[in-house]
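S.K.: For reference, the chains in residue letters:
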Amino acid sequence: MEDLKIGVFVCNCGTNIAKVIDCDAVIDSVERLPYVAVARTYKYMCSDPGQDMIQADIQEYGLDRVVVAACSPRMHEPTFRKALQKAGLNPYFLEMANIREQCSWVHDDPLAATEKAAALTAAAVMRVAHHEALERRSVDMCPNTLVIGGGIAGMSAALDLADAGNRVYLVERSDHLGGNVARADLTAPYLDSARDMLTERVTRVVRHPNIDVLLESQVRKVDGFVGNFQTTIRGKADDGAPSDRVYDIGSVIVCTGYKEFDASRITHYGYGKLPNVVTSFELEKMLRAGRVTTKDGKIPQYVAIIHCVGSRNLEFHAYCSRVCCMTALKYAHEIKSAVPGAYVSDIYIDMHAFGKGMEDFYRRSSEIKTLFLMYEKNDYPVIRKADATDDCDMLIEVNEILSGETIELPADLVVLMVGMEAREDSAEVAHLVNISRDKDGWFIESHPKLDPVATTTDGVYIAGACQAPKDIPDSVAQARAAAARILARTARGRIEIDAVFAEVDEERCSGCRMCNELCPYVAIEFDAETRRSHVISALCKACGACAAACPSGAISARHFTDRQIFAEIEGVLA
Amino acid sequence: MPDDKLQIAIYWGAACGGCDVSILDTDAFILDIDKAADILLWPIATDGKYKDIEALADGHLDVTIMSGAVRNSENEHMAHLLRQKSKLFVAYGSCAYMGGIPALANLAPREEIIARAYLNNASLEPGNTTVPRPRTSLNGYDLELPEFYPRVYKLDQVVDVDYYVPGCPPQPGQAQAAITALVMALTGQAEAPPKGSVVGAYERALCDDCTRTKSEEKKVKRFYRPWQIMQDPAVCLMEQGILCAGSATRSGCGVRCPNSGIPCRGCYGPAPGVVDQGAKLLSAVASIIDSKEPDEIDKILLTLPDFTSFANRYSVAASPLQRSHRR
Amino acid sequence: MTFEPRIVGFLCNWCSYTGADLAGTSRIHYAPNVRIIRVMCSARIDPTFVLKALHDGADGVLICGCHPGDCHYSEGNYKMMRRYPLLKSLLADYGIEDERVRLEWISASEGQRFADIVNDMTERVRALGPSPVKAALEADLAER
Amino acid sequence: MAIRANPKLITELEIYGAQDVSKCYHCGNCSAICPFSKEPYIFPRRSMRSLQMGLEAKLESDLEPWLCYYCGECSAECPRDAEPGETMMSLRRWLTARYDFTGIARLFYLSAKAEILAVILVALITGAGFLLYGFSQGSITQYNGPDAFLPASSIHIFDWILAAVLLALLLTNCARMWWFTVGRDTKVHVPLSAYITKIYLLPMHFFTQMRYARCEQKRPWVIHLVLMLSYVTMLVLIMFFLAPMWSGPAIDWRVHVFGLAATAGLLVTTIVFLRKRLKKTEVQYQHSHETDWMFLVLLIVVAATGLMQFTLHRVGLETAANINYVIHMMAVVPMLLLEVPFSKWSHMAYRPLAMYFADLKTEAMVSKEREAVRAPQAA
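Chains as they are written, first to last, in numbering that gives the first Met the number 0: chain A, 0 to 573; chain B, 0 to 326; chain C, 0 to 143; chain D, 0 to 378.
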């Protein structure tokens, strides 16, 4: 190997790293390694002075490889790559050693932690020696966008994109737009009509020249890469027969929403057995129809609303569904106005009145004499049929916390605030657009705080309740943010794509075709003429499966080559 | 004896002799060798004595072609001796190159092997517990036998090797080509190949020369031994569920096995740049198993008995682990 | 001085490595014996890496990928899942104890699980003692 | 065993004055600020809760409402204007109605009309009765002497009969109160001995109202105490010293000094209370129930006519004195017959009783815990 000059920069991260790891000891141990020209520590490598130091050293020592031992590469790799680039070095000549998340934060024995940090840094040094200069390429950005899901989020995103003059394909599985919001009557906290709000959106979407609304359609396939996707959408032909059509798109926004929790899974509530135990959505139906009655058409005197049905408990979903509390208060108001004489009780765990106007709404709800009863997580109220002598249809037994009493509450109608749940087809959708889901089935954003709209797959965005339970304003905000992200790109017209992908050394490929079927992105093409396989780099997502599987070692994964990983193994075990 | 004649030795270590036969199989070419060289030692064909070799000056031999692995002290002693006496040292055949079939014994400890061969073996006469020992004294005579090492080595784990000729045995055509190349180099008529290079083989894997058609649809629900299934002679054996090492094996043999309906056994060793032939074959096999269920996968693998001795049939001694580490 | 196992961990970038990072951000403490090597997907893990690690003196090898069905590359972890039993049988034939090499599925949200697995594996490998491979091979070639 | 909740109760209590209970979200500020609130009697929050949930059975057996003197601190502190003080007040009214077996109290609290009618009715009967009696055996011009219009002796007898009736009613209700709050409580058993040894608490709470003294501001306590003592003094004079009060025109200072002082006390305090209730500057006087007015109005009329009686008699306007006397009685009788057992007056009995019971129960609970602690050690 040609004579290299490697610079090693160990970050203290304030005390985050330095309080456990002896950074100077790390320096001492790596300085002896071959090719290491300079090794330093600094308070905050990611800070401007820190980056300036790296750039200065690159100039001064003529470094041609850089190792930064600091936080996780998932955190700051882009930062330091930029720093290298600024100093005129190929960004891929950087290697990071993760000595914070995977060392100083998880170990308390300074000696062991320092030894591990030294090993990880040594591995990085030995690996970086084998790095190759890679060039990012820029490709055209197709301005069309595929929006999956015609709910409030999908429509809002579609309108912003279309208003900016871009074509939008809005795909909706059902035969109408509106999603779950279309099932609601009024909205909290201002009790304005969901229908009015929706009608305005729907008419605009349907009439918009730049939006193709594809009802009763499903996305079958999404191939390609950011800016250059092709999608196959199965819809109905005029004669009703299913017909597939292919569209060119540059970006995808997934707005597939949620489904409500199946209340019959909680036996304590007798949903499905007791006729007058209904879900929030069933109540919405009554409210929209303007008549709140029991199954046998009687006007209910006692109405009980049970919160957190399927949410915030051990058995079903640990998370909070976020909208139920305020929706329940909304019901209190709507029921009081529909049935003035009714006594409404609200059986809750905690009252989550976050967000604009909500606390005030909570106060107003208690002023209209809503009885609030607090129960303990996982200590479900139990509903039973009342006796003939009672003046009610059902009795709810609650261990009420604020009074410390176990009470029996009369009820003629019980409303279950069913929580939000990832749709059963979320796995299918995730695979379709190649994004990940968390343990509850919600789609995972690329950064929970700093990038809540993008996903791990470039060009695919998520908005609305398919990412996590959300109310209307949050869904709309996220949807419009996604639209803005896409517009920012289409405005530039071209986009850079990663330089990391797999390559076939055709001099060594024997055409066994083991790899062809392995690639989930059909990025490997077999040339029948030359009887060789080769990788379409733009399609490759660099997983490296083919490189590992190639029996003759003809495929190499750029930036994760055998040699580089061997060096890393030797490094950690040195 | 005229000086311009090359001085060569052909020797075998732990080997079956097939390699020597492969040289003989070059037919008339043998006579050319004889014209060009004095064969000072070739146990299978000529009458040479160890002491004659020991008597030679160091580097007297132009080239030694040694087949076979190193299993015992004699193999090692001769390897060292011949290396010392020759300018070029060629590891000839899979055993010399990678340990070969004898190195499969590395998967078992020496004691087990001895026991299997001399103590509990159906062909032994009952009650006979004679076991070979380095030294035996019988009615006044001392008998000395080479020491049986705990493991088998490939040649370059014992001596410095200049060139490798893979194959079990090397295909005669390739042997001829290799030897010719060496002679040309030694006689200054051609550029010598770089030290350590594999001669008498190609750069690509066997599939490159295999005429069977290969599709991308490689999905296997079970594996077959060749005799378990009526195979389609025109289609890739792997696609038919017959485990074939071709995709992970260097070409050069002329695809003899697959062409005759037998899956490649990998005797030509891994493709260039590959660390372990077995590991590569492992990935190749794994990528055609048609299942996502651990249990089903295990079931499918039941149809693949003794996978290791297939994956590393010739390359145990060359693999990263080299031998069993059982305690 | 007690024996401290040296374990090489091959973690996929999207689930397991992120999970390990989460353990860090959540300050979940665990044994310092695992040295993590990041790969984009568990499917990238060539069995050669495992053999190489053992050859170079690793006392154990931990392989982690996304849970089946959750692979960022849709099916990469299944490729690893298929290699694993073959690899294990190969290692068994080379006399490597079963518990020295381990495959686990760890999602991006399972920081605690990662920590638990590392602790558990460290203890199991500690109980096995140092891997004999490196010493044995050096000894084999020493007197030659 | 689960207690039945009655969501309707809260609406019923509105008529008793609890308008804002539902606003309470149980931050507990009220209980924190209240000087009386301590284990095992934490209030007002708990009472608010029971009321919100309509736990009638529980409320009925609660002593807390009587332990509150309504200083108004809690209502002032409440972040949600849920009026805890007023809630306790309303609960006292509701409890009074509960204790009363005749149901009359409930009737009065639920309908002001009923109360007013009842008062007027009793007043008219009394008036008519005394006029008939007077004319039948005496002369309207005579106040004293043999043919006095209303001779002291007979009035005295009448007073005693009236007192007997009143006492009978009040005592039965007190007994019911005891049964609800102590008697039927299965958790805490108060031994008879305790009743006796602690009996002194009763007069102490009655005459000193020392708990009230613990409230932040002291003036309400003073006024309240003056009113109560004046009333009692007056009662004693009438029941035992009617004759000397009667005699004249010479003033018998041994009794009249008390009479005049008490009257003054009554007049001043009632006027103060009326003013407060009208001005509504202090929280505790912002919400007045009809019964509050009735109470004050009757009281001031009685006091005023009583004084008038005294003066007319002393200046010798005997006819006027007699007429005034009838009017005086028309106020006194309904007050004693209706207000004392069935309305606000009854708290004179209930509150000290409640405090007495509360002390007894606390005592009992403490000793019970002590045993619980001792028991395992013994074992």
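Read the hints as simulated data drawn from the structure, not as lab findings. Keep in mind it's a predicted model, so treat the numbers as computed, not measured. We put the beta carbon where it would ideally sit given N, CA and C, even for glycine. Each hint should be verified, as a subset may be incorrect.
[Unchecked claim] Lysine to aspartate or glutamate pairs mimicking DMTMM-like chemistry, simulated, CA-CA at most 25 Å apart: (1) Lys-22(D) with Glu-199(A); (2) Lys-291(B) with Glu-122(C); (3) Lys-133(C) with Glu-74(C); (4) Lys-335(A) with Glu-13(D); (5) Lys-186(D) with Glu-358(A).
[As the list claims (entries may be wrong)] Cβ-Cβ distance ranges computed for the label pairs, FRET-style: (6) Ile-261(B) with His-28(C): 45 to 51 Å; (7) Ala-240(A) with Glu-292(B): 34 to 40 Å; (8) Arg-562(A) with Arg-326(B): 29 to 35 Å; (9) Glu-98(C) with Arg-224(B): 54 to 60 Å.
S.K.: Against this structure, judge whether each hint is valid.
M.R.: Structure-based check of each hint:
1. For the suggested pair Lys-22(D) and Glu-199(A), the alpha carbons sit about 37 Å apart, so the restraint of at most 25 Å is broken.
2. For the given pair, Lys-291(B) sits about 31 Å from Glu-122(C) by alpha-carbon distance, which is inconsistent with the 25 Å threshold.
3. Using a Cα cut-off of 25 Å, the hinted pair Lys-133(C) and Glu-74(C) is violated, with the two alpha carbons roughly 34 Å apart.
4. Distance restraint check for Lys-335(A) and Glu-13(D): the Cα-Cα separation of roughly 18 Å lies within the 25 Å cut-off, and the hinted pair is therefore satisfied.
5. Taking the CA atoms of Lys-186(D) and Glu-358(A), the gap is about 40 Å. The hint is violated against a cut of 25 Å.
6. At roughly 57 Å, the beta-carbon separation of Ile-261(B) and His-28(C) lies outside the given 45 to 51 Å, and the hint is violated.
7. Under the hint 34 to 40 Å, the C-beta atoms of Ala-240(A) and Glu-292(B), about 36 Å apart, fit the expected range.
8. Under the hint 29 to 35 Å, the C-beta atoms of Arg-562(A) and Arg-326(B), about 33 Å apart, fit the expected range.
9. Our hint of 54 to 60 Å for Glu-98(C) and Arg-224(B) is violated, since their Cβ atoms are close to 32 Å apart.
Checked against the numbered hints given earlier, this structure breaks hints 1, 2, 3, 5, 6, 9; the rest are met.
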